[in-house]
Amino acid sequence: MARRPGWEDAFCKYFAVRRRPFVRTAYAIVGSWPVAEDATQQAFSTLYVHWPRIRQDTRDAYARRVLVNACMASFRAVRNETVTDELPDRGVVDETDDLLDLRVAMAQLTPRDRAVLTLRFLDDLPVHDVATILQVAEGTVKSQTSRALIRLRSHLGTRAAQKETP
Amino acid sequence: MNLEDDLRSDLPRLYDDTPKGPDLETVLVHGRGRRKRRQLVTSGLSVAAVVTIAVTSTVAVRSLSDDGGDPAAADIGRVVAAPPDGRGSGDGVEDFVSTSSVDEDMQRAINAALPAGIRGGYDDVYPSDWSRRTPLPDAEAPNATDWYAYYALARGETLRVSMGIDVPYEEDTGNPCGPPGAAGDPRCTYEQLPDGGALLVTEYELSGENTWVLLASMTGADGSVTTASDMVQADGLSRARELWTLTADDLTVVAQADALTFPAPVVTPPTQTPDYLD
Chain B
1 MARRPGWEDA
11 FCKYFAVRRR
21 PFVRTAYAIV
31 GSWPVAEDAT
41 QQAFSTLYVH
51 WPRIRQDTRD
61 AYARRVLVNA
71 CMASFRAVRN
81 ETVTDELPDR
91 GVVDETDDLL
101 DLRVAMAQLT
111 PRDRAVLTLR
121 FLDDLPVHDV
131 ATILQVAEGT
141 VKSQTSRALI
151 RLRSHLGTRA
161 AQKETP
Chain Z
1 MNLEDDLRSD
11 LPRLYDDTPK
21 GPDLETVLVH
31 GRGRRKRRQL
41 VTSGLSVAAV
51 VTIAVTSTVA
61 VRSLSDDGGD
71 PAAADIGRVV
81 AAPPDGRGSG
91 DGVEDFVSTS
101 SVDEDMQRAI
111 NAALPAGIRG
121 GYDDVYPSDW
131 SRRTPLPDAE
141 APNATDWYAY
151 YALARGETLR
161 VSMGIDVPYE
171 EDTGNPCGPP
181 GAAGDPRCTY
191 EQLPDGGALL
201 VTEYELSGEN
211 TWVLLASMTG
221 ADGSVTTASD
231 MVQADGLSRA
241 RELWTLTADD
251 LTVVAQADAL
261 TFPAPVVTPP
271 TQTPDYLD
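In order, the protein sequences belong to chains B and Z. Just so you know, this note's numbering puts 131 at position 131 of the first sequence, and the rest follows in order with no gaps. Just so you know, this note's numbering puts 64 at position 64 of the second sequence, and the rest follows in order with no gaps.
So that you can see chain Z by itself, here it is in the shape it has in the complex (with noise of 0.2 Å):
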């Protein structure tokens, strides 16, 4: 026998005591976690990269529109136009959205569920749905299944809030926590509540981007889900803990807070799984 005949024959005793591997209901465990923190991630990288896309070419779109352009892009550059600071209504709120007033009423909410002291301005806040990873034009905004605030911090942070209604392609798996880490580990924490609802806390890393969230989502009985999230450039969990300026409870209270919701979708989208979530 060749050495090739040889190992198809050894290899197989060599290694035939084999133990049983890993336990199946640590690996569902982890594969949902990993599942619904994927989803997460894939939410807050495609609206970042949206941001980033629309303050990079705001000239540019706003050429395009001039010309006559794409009205969607043109909406785009027309939200990221809105000068930062410039909080023109007495309340303390911007219209970025002309066609609604769920923009408006969205930051009153967040401004009243964060905590007092907590300096800072919005940046945007736009309507979308679950069968696209960019804002919705004006004109479509009572179709939204979702809307996102980005309100820039005063250290550089940003918190992120979100609120959208179920969305049928994404299911629910219960807690994406795994068995509790050590001391470093970053946090994972999910509470069944009474009325149904659930609250997961978590602290993750959006891949390669040495961006670090702190995240408090709060998923209601029907299926809607409403995060906060404090998003920090930092070299490391423990250094984003000592950059995040709100802490889980400040998200928390955001996250839950009643007034965050909006009209049911006048027209719902489609209703398959996006091509940019796998």
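So here's chain B without its partners, still in its complex pose (with noise of 0.2 Å):
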């Protein structure tokens, strides 16, 4: 008869609170339902491996890490398949035009620069915590921020300019 780890529940229950936030982290970042649920799936299992030695106080921060990590790796697996300026896959709620130019935008940009923007302002994470995650200092959080920000900026204009153009 198998046995379960002890700790087993405590990641059962860290799944059920992680899971959707974490595939929208996921999504954001690599723009595809399947492969945002992919990526998902093996940070979960990541996780798992390595969980009985995870610290609780790191827990969340080393959880993004492997999220992020698996997420770049993914976007590595597809990228040759991957037309970057295609409107990525979409929810089933109608978008305004707005929420629109922003989809085409974060899907121009590498995902590096996804990767920051979504934890700094989709997340919701503070600098130093970004910097954690992505293990960079945090100057450089700022600075890549800053640079992702131009560049989506640029993205957007040029949509718009697109837009009035006849």
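Some clues are possibly wrong.
[As the list claims (entries may be wrong)] Computed Cβ-Cβ distance ranges for the label pairs, DEER-style:
#1 Z:Asp258 <-> B:Gly6: 29 to 39 Å
#2 B:Arg112 <-> Z:Glu205: 20 to 30 Å
#3 B:Gln56 <-> Z:Asn143: 28 to 38 Å
[Unchecked claim] Here are a few chain B residues that face chain Z, going by a calculated C-beta distance under 8 Å:
#4 Cys12
#5 Arg20
#6 Phe22
#7 Ala28
#8 Thr40
#9 Gln41
#10 Leu102
#11 Arg103
#12 Leu149
#13 Arg153
The hints are simulated quantities; they were obtained by calculation from the structure and are not laboratory data. Beta carbons are placed, not taken as given, at the ideal position from N, Cα and C, and that holds for glycine.
Put the two chains together into one complex; each comes in its own frame, and the hints tell you how they fit.
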């Protein structure tokens, strides 16, 4: 009879709480629901492997780092098939023009840019936490965020200009 | 509002129609499988490292031992220094561990279980325990919780056989195999046996080594584990399948050999998870 490790219940509870936020984060980075689900599953599977040794106070940061790494790995695996200026998978809700523009502009960013913006503005994490997750200095997070915002603004501006062109 | 504020407000709206994500049961099956395979791989890697280090530093270790160096290191040197093809005893086994007969019994059990016509010779047989990644010194062989045998097959592969008692820090998580894969995917089959034991047969790659392993692992009802694996250098699974001398059935026969047993340790080592496992 197979024995379940004693910590598995705690893992299952964590999974229940974090599953949706993590797949949302993954989707914002990779722009595809199936790839986001795969990356999230991969991340949770990795988390399971290391679970007994992850300190509770660093668990979230570690989990998000694994998730971002899984997203980057997934992206590398499919990048040759991805046309970045195509509209990514979208949900069933109606989108305003502004949201549609933002979705397209996000899709034109590099995965690294999307990861920084996602962690900072979708997950609303402070610079310190993002630095821990991405394993870079806080100053690097600030500069990467700044440059990603410039590029996003540029893509949004280009799209606005395209719409104004008859 | 600036762009940062816009993003804080708009990104959640953009991605709020999130599907529920992966299924818990799938995650558990994958996680358990990876955890189990990781333990197997870690064990294989650690032993391979010991053999490699020992082979490449035999001269240095001998020099150390001559100078009164670390006795454990001297022991590694002594074991590896034994000629691989020096099958001295009349029944084709060699005395690798002078303080124990388990090493000879293990060779006899493996020889009897291997198919006829297999050519090769033993590189090393040694005891270890669950608190270390190195061989035990000869004098501590009665305290072994596991034994390893390395058999060099004729085509450059290695047959590795291990036997160990139930390890307290390893949870039995049952079936480590995920859903059946496609034809080209690594094999992983798990069979619960009527006596309470379980048989795992799987193919996997040692990370970053281009070494592919075909493994049969027999878990007894008492938690003891006996494994037999054919390890080969190959550029991919399909090539490994061409190169493996032993079949899954051959390895299963070895892993299920009744004679692969050894006495319970006289003194059991500490039971905390060793640092090298994670």
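Comparing the hints with the structure gives:
no. : hint                              : verdict
1   : Z:Asp258 <-> B:Gly6: 29 to 39 Å   : holds (33 Å)
2   : B:Arg112 <-> Z:Glu205: 20 to 30 Å : holds (29 Å)
3   : B:Gln56 <-> Z:Asn143: 28 to 38 Å  : holds (36 Å)
4   : Cys12                             : holds (6 Å)
5   : Arg20                             : holds (6 Å)
6   : Phe22                             : holds (7 Å)
7   : Ala28                             : holds (5 Å)
8   : Thr40                             : holds (5 Å)
9   : Gln41                             : holds (4 Å)
10  : Leu102                            : holds (6 Å)
11  : Arg103                            : holds (6 Å)
12  : Leu149                            : holds (6 Å)
13  : Arg153                            : holds (6 Å)
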